[in-house]
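Those protein sequences? They're chains U and C, same order as listed. Counting along the first sequence from 1, when you hit position 87 you're at 246 in our numbering, and nothing is skipped either side. Counting along the second sequence from 1, when you hit position 112 you're at 271 in our numbering, and nothing is skipped either side.
Check the hints yourself; a few may be wrong.
Identical copies carry no separate label here, and so any pair may be met within one copy or between two of them.
As the list claims (entries may be wrong) - Straight-line Cα separation of at most 35 Å, DSBU-like style, residue types lysine-lysine; simulated pairs: (1) Lys-205 to Lys-353; (2) Lys-332 to Lys-316; (3) Lys-415 to Lys-341; (4) Lys-318 to Lys-401.
Hint data in this document are derived by calculation from the structure and do not stem from the laboratory. A quick note: this is a predicted structure, and the numbers were derived from the prediction, not measured.
Each chain, written out:
There are 2 protein chains.
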Amino acid sequence: MPNSDNNKCRIIVDAMGGDFAPYNAVIGAVQAASENSDVELYLVGKSQEILNVLSYKKLSFNKNNIIHANEIIDMADQPVAALKAKPDSSIVVGTKLVSEKKADAFVSAGNTGAVMAAATLIIGRIPGIGRPTIGQEMPNAAGISILFDVGASVDSKPKHLLEYAVMGTIFTKEIHGILNPKVGILSVGEEESKGNDVSLAAAALIKKTNLNFVGNVEGRDILKGTVQVIVCDGFVGNIILKFGESVLDFLKFKFKEYADQGFFKKLKIGIVKNSMKEILKDFDYEEFGGLPLLGVNGIAIIGHGSSTPKAFKNMVFRAYEMYRKNLVSKIENAVKQYSHLT
Amino acid sequence: MPNSDNNKCRIIVDAMGGDFAPYNAVIGAVQAASENSDVELYLVGKSQEILNVLSYKKLSFNKNNIIHANEIIDMADQPVAALKAKPDSSIVVGTKLVSEKKADAFVSAGNTGAVMAAATLIIGRIPGIGRPTIGQEMPNAAGISILFDVGASVDSKPKHLLEYAVMGTIFTKEIHGILNPKVGILSVGEEESKGNDVSLAAAALIKKTNLNFVGNVEGRDILKGTVQVIVCDGFVGNIILKFGESVLDFLKFKFKEYADQGFFKKLKIGIVKNSMKEILKDFDYEEFGGLPLLGVNGIAIIGHGSSTPKAFKNMVFRAYEMYRKNLVSKIENAVKQYSHLT
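If we strip away everything but chain U, and leave its shape as in the complex, we get (with noise of 0.2 Å):
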């Protein structure tokens, strides 16, 4: 179980979470530990399986950091109704140790909704925060921006968009060091006349905040980077990260065709695919350290379903830097800030 003998910051991993549980996450976090003396890092799962990987890899890890949980969410469990299901699952087990203060964070690559819902429901929201929302980084020409929210949450409020704009921006200033970081909404026109009804309310909020706010953006501006923060409703943001995961998946299966037409083509398809590789390798999921929920009373990040050993061991330093850079009070002053205009 964890302890706070130390002052170190404790992670747990599930260790059930993602395509190749546990096999990558073990791995992933076990690496991570190693490579952060600062990290007091804990498994979460089915122990015999995590002995199994630690064993087969060789791996040395303090087996008293293993907290087994008998039970796993698996992607197909309606979120909500599984962990009352599920109570002894790796998911319930290890949010409930971050809300009962014995760690610090939570990483997993499982069913996204049954982790956001465990989050919110047991670790609990920041004093203030209405909606946590989920970010996602998008490199693009000038950097990055980063999209909040991505499916936390659909029908947001005015208010909400208010709360992602202030997460946001100390998010991408804690985390990316980008000192004040313009905000934007996602908007159908730049001009202030142009959105929708939540979208006009929400600006005309976010306006009167001293965030870095410059008003709407549009949907071409997400790779332009024209701002930093990228505020919107998360059905919206949803809808945008799967269009835009699937334009790699389209080009490829578009590249395959053309190779499929000849031997020169399949020539040049080689050269293309190289260069490609090299040109989008800021898009590479695995660097990021998946994606962060915020507005939470403590640190959760949630990974990709098909996270490989790096993309946990980046999830995990995620996590400690949010840890390290406090930014759960932050969150709870900067609203604070705000309360009076909602």
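On the provided structure of chain U, position chain C as indicated by the hints.
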């Protein structure tokens, strides 16, 4: 002035619309008329400027088919205000002739908002249609999907999404020859329970029709081609449309950045660009013939600001196809069928 002495399809092209007006519009329109003798083509705009292009390019065109309009609504004009402020603009004059049944179709690459407003307010809506919709063809792995709406309106109600589904189905069937196109609602998950308030209510409505409705589709399905008709609010569709367009610009930017790194990389990028051009030829907007504005009581086609002569030619051909297939009356009959649902 247009007349109906013959049974030709009377198409008015806005000579003053687009970044290269009147040059590209005039050349493309005259070319279309010369290739299709069933089209009676009219050019609306500043007659002297139109005549200059005709003479400069030595194009033969019946001078009686030039309709003088002394004003121009430009890209910076506020759409609705401009219609009142500039009653003698090519957009107002052209759409008025369609509303008076003196012409069958209006084609313009001018201020999109103004064309949309003129079509809706001057030509008017088809009885039973609450909101017109703009469709955007998305070539994909399976052929084509068409997204409705990409920006005719925001904050659509469920019944408007039903209308988009009905109109989209007719357009896809008649213009793309897909007999029973699959219809999906863009949402945040495939499961029936996933969505926002409007998408869930719209799905419940569309389910009651005899359209080939498959339920929710996700962002990634756009390029997968899971369905042929994708229905969404114009706020979402417009953001996706602009994000999608920017992907190609972004790739070009990255290619350049990469090529600038050295001679061999420049060499490789030459091959990449070349292959990409071939691979992405389906995305050439010039081929599509503009975006159809469905739901207005006449044919209206909206072109890209940077439309080439070829793009204008294909816009005229598309207008002709929509006329020949009686799209307006087919939509009117189809929406009647579902009036009891809303």
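*Intra/inter-copy verdict for Lys-415 and Lys-341 if alpha-carbon distance must be at most 35 Å*: Close across copies (26 Å), not inside one copy (40 Å); limit 35 Å.
*Taking 35 Å as the upper bound on the Cα-Cα distance, should Lys-332 and Lys-316 be classified as within, between, both, or neither?*
within (25 Å within a copy, 38 Å between copies)
_Identical-chain pair category, Lys-205 with Lys-353, by Cα at 35 Å_ = between (52 Å within a copy, 31 Å between copies)
*asked:* If the cut is 35 Å between Cα atoms, do Lys-318 and Lys-401 qualify within a copy, between copies, both or neither?
replied: both (25 Å within a copy, 26 Å between copies)
In summary, the structure agrees with every hint in the numbered list given earlier.
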